[in-house]
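With chain A's structure known, arrange chain B on it following the hints.
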Amino acid sequence: MTTLGLPRGSILGTRVQRLEDPGFLTTGAVYTDDIVDDRLARAVRVTFVRSPLAHATVTSIDISAALAAEGCVGVVTAGDLTDIPSPAPAFAMYPEQMGLPLLASGTVRYVGEPVAAVLTDGRYDGEDIAELVEVGYDPLPAVVDPVLALTSETLLFPGAGTNVAYEMAPDPERDDIFSDCEVVATRTIVNQRVAVAPLEVRAAAAVWEEDGRLTTWIPNQGAQGTQSSVARLLGLDVSQVHVITPAVGGAFGAKFGADPEAALVGWIARRFGRPATWVETRSDNLVAMTHGRGQVQTVTIGGSRTGRVTAYRLDIVQDSGAYPRIGALLPTLTQLMAPGVYDIDNLQTSFRSVVTTTTPVGAYRGAGRPEATAAIERAMDLFAAEIGMDPADVRRLNLLPAFTEPFRSSTGAIYDSGNYPMALDTVLAAADYPSLRAEQASRRERGDVRQLGIGVSVYVEITGGGSEAGAPKENATVEVHPDGTASILTGTSPHGQGHETVWAMLVSNELGIEMDKITVRWGDTDLVLRGGGTGGSRSLQQGGAAVRQASLELVDLAKSRAAAQLEVSADDLVVDHGRAGLMVTGVPGSGVTFAALAAMEPLLVHTIFSAPGATYPFGAHVAVVEVDVETGKAELMRLIALDDAGVVVNPLIAEGQRHGGLAQGAAQALLEEVLYDEDGNPTTTTLAAYPFVSATELPSFELVTTETPTTYNPLGAKGIGEAGTIGSTPAVQSAVVDAVAHLGVRHVDMPTTSMRIWAAINAAAADKETTD
Amino acid sequence: MQVSITVNSVRRRDDVEPRMMLAHYLRDVCGLRATNIGCDTTSCGACTVTVDGESVKSCTVLAVQTDGGTVTTLEGLAASVGLGPDELHPVQAAFRAEHGLQCGFCTPGMVMAAVGLLAENPHPTEPEVREGLEGNLCRCTGYHNIVRAVLTAADAMGPGGDA
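Just so you know, the sequences run in chain order A and B. Everything in the first sequence is counted per my numbering, starting at 1 for the first residue and increasing by one. Everything in the second sequence is counted per my numbering, starting at 773 for the first residue and increasing by one.
If you're looking for bench data, these hints aren't it; they were derived computationally from the structure. Glycine is no exception: its CB is placed at the ideal position from the N, C-alpha and C atoms. Hints may contain errors.
What the hints assert, rightly or not - Sample of chain B residues with no beta-carbon within 12 Å of chain A, all distances over it, derived:
hint, residue
1, Arg785
2, Asp787
3, Asp824
4, Gln837
5, Gly854
6, Val863
7, Gly876
Unchecked claim - What follows is a set of in silico ranges between Cβ atoms, one per label pair, in the way DEER data are often shown:
hint, chain 1, residue 1, chain 2, residue 2, range
8, A, Pro158, B, Asp839, 55 to 61 Å
9, B, Met773, A, Ala759, 52 to 58 Å
10, B, Met773, A, Pro139, 57 to 63 Å
11, A, Pro139, B, Asp786, 57 to 63 Å
12, A, Gly71, B, Asp786, 19 to 25 Å
One chain only, chain A, in its complex shape (with noise of 0.2 Å):
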């Protein structure tokens, strides 16, 4: 391994402005929509016919007046999917019956359940020939409430024997590890589910073309994933499937992979031998694109009653939605993170993961993490409130030590590097708490109807954990070109995050070769085979580690040619980064330019980083919030957050993450979820009703920057992409509570609206009435 961190006095670190925003700003991206190719002239536009109810046996479908409708092309059934394979589970752990079909044949398991395509030319019939295809249900009792689901006599998969599609039981030699506790606090607290509503919705584009290959332009996190599921859901081999990324307006975890729809869009191009798009509307989108979140977590916390926790059990229980997906899988990471920050000898985690008549449960920001970090720093603040002690002081009791070597976790997680410690106190210092507590404490005294309440968080995430292959690892393949410009091709696959810009402040660092000369390309399948894509907070530390190692590589590949062409030692050659090139050390204007060489033969590297390890992001956020007690209506005043993600290599875009990650943990924190009536019928499909957050809820945020290197990367960088979200709910969360905990209230559960607020308020005073 080489020198850590960032070398020289070099661009790195620095704020460097997009090189993506130009365009974006002047003529908007070219997302799917927006996309004109000849290859789609005259294409055929799909609109899916979707479930009105949440279970039912399909009896009958009418397509017939549908059909016979002025601009309709054709209709598709699940009948018509004859040469396609049989619906198979998501993740070969699920049980064999539980598998997502691309129509829905017989069964219906929830509201947004594709049943039928409609095609058609114009933009506007769609929906209307849509409501022609008559489709009989008979319907089955729906299961809404994952813990009901557990013990439902109604199986959505009667065949599996069980709502439960994973599950992990608890360690029974562990049921008694509060045993030697003074004190033990527990709780059922709700996760609940989220939109995970990228301004971008679903779509795919779709042509045959003639070399017998499926071409499809899909918005996706990784087109080599997408390739593999569209392969995988039409019955196809990966050489048929070339996948094109365009523009991506936001993805949050949502956009890995092919949805059954967008791989369908390729099967009816296939079958009516036409160019076909598709793109969904919002509505379609909130109730069909997967939700995230979604844990009913029961925490059990003890310890002695000066502070010191020693005993955590953690049983989830997953909402997957109808068909298990990577929902299914997260609580693996929920319980692999369940300690935290926290030195806990004793722990005890379990989850079961149930399928629910509602739309499937995905990855969204923190996928799994943020789970556990509020589910931990929830149980801290109940055990804090129970023996009578500062939040703040009881995390500071219980932090594990400041540690630069490998530290196993209880759990078996091994966190890289870490200090708890300075994370904390710097937040805190940051965000004057003294000041802050004495505040709060006139408020009370005063009985002002504006309290204040102050929450406290922290949190250690995994980040850039290993690909199915094993270690997490990345590819990138390095250009220079005789006109002096270079080319990068990527695994990764931004949208949003910036591996334009940064990729070329990378290769510009260790060539010479100036940014704007640099172009970075990704998401072509044809022309970037292998990679891992974009999420789980991996792209700088992995494809960025793999760019700047094939920058390196490439350096020597010069030094040896040139130093043939010169006659000097390759070792007395250094990179001239004034011209571009090699020179003889200590003679300037000496040897020969990177593009010199390149005329004379392509100089290209193409290079693979692997990382020992995932690494392990952590901070300490501070959240203020104001709670009117007459109204119960919350305010977030400031949100002070340390984020420590190792070595930065372009401050303004990290700070933008934290930025995007803060306000999507305060969202779910006060104000966002995805509700369902008890038939299993969605009452937040647009976003007129599902409560988005906008910029009047939040306030500016006040960060606090810290850099813990990595010794897992030679960038010394770990994941920032999630961190925000992870620290940030339960820090406003617990703010809330805190600002009416002493008219007794001990949780409010999320999101904390108004009315949850005003009836905790209430029943807490009913109970002081009681007891008093």
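Chain B only, in chain A's frame:
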């Protein structure tokens, strides 16, 4: 129906379906695809353009309602204040300088909403910027840098609010 609309300084005459949205007219008929559509309830603001100087959500306006009007989209913004093709309007420049965009999907609408906001109130306070952009949603930035960008643009555009 025939409409006559001035789009980014070009006077056009087009035949449109009576139910065609202005957003679809701009995208499909004029080929101006910076303007995005992010919802179907006028909630997200990704489709915001200015009509006769005021910001409007083009997914809720019919093209025929704009007959006789002047529409400016992101593509025509810089030219609308006399700037050349390689130059950025102060609001565009501020969005870049302050990293006010990530995935870019809300950006065309957000920039045009900011232009409309600054035309009405050349020197807004931070709360006024947040109120003014309440109808424009962004999932990436947490609004922090968008707010900074609008405040920066207000400073750059000087006392009268002109570019």
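- prompt: When you take the CB atoms of Pro139/A and Asp786/B, is the distance between them in 57 to 63 Å?
  reply: violated (48 Å)
Nearest-CB test (12 Å) between chain A and Asp787/B: Asp787/B is indeed farther than 12 Å from all Cβ atoms of chain A, at 15 Å.
message: Against the range 52 to 58 Å, how does the distance between the Cβ atoms of Met773/B and Ala759/A compare: consistent or not?
response: Cβ of Met773/B to Cβ of Ala759/A: about 53 Å, so the range 52 to 58 Å holds.
field: Assertion that Arg785/B lies farther than 12 Å from chain A (Cβ)
entry: holds (21 Å)
query: For Val863/B, is the shortest beta carbon distance to chain A beyond 12 Å?
result: Given a closest Cβ separation of 9 Å, the condition is violated.
task: Go ahead and decide if the range 55 to 61 Å is satisfied by the Cβ distance of Pro158/A to Asp839/B.
output: Given a distance of about 59 Å, which is inside 55 to 61 Å, the answer is holds.
- prompt: Does the hinted range 19 to 25 Å hold for Gly71/A and Asp786/B at CB?
  reply: Check passed, 21 Å falls within 19 to 25 Å.
- request: Please confirm whether Gly854/B is truly not at the interface, meaning its C-beta sits more than 12 Å away from all C-beta atoms of chain A.
  value: holds (15 Å)
query: Taking the minimum C-beta separation from Gln837/B to chain A, is that value above 12 Å?
result: holds (17 Å)
- prompt: Was Gly876/B rightly flagged as not at the interface, with every chain A Cβ beyond 12 Å?
  reply: Gly876/B is in fact no farther than 12 Å from some Cβ atom of chain A, at 4 Å.
query: Cβ-Cβ distance between Met773/B and Pro139/A: within 57 to 63 Å?
result: Violated - the Cβ-Cβ distance for Met773/B and Pro139/A, about 45 Å, lies outside 57 to 63 Å.
No chain A beta carbon within 12 Å of Asp824/B's: Holds, since 22 Å exceeds 12 Å.
In summary, the numbered hints that this structure violates are 6, 7, 10 and 11.
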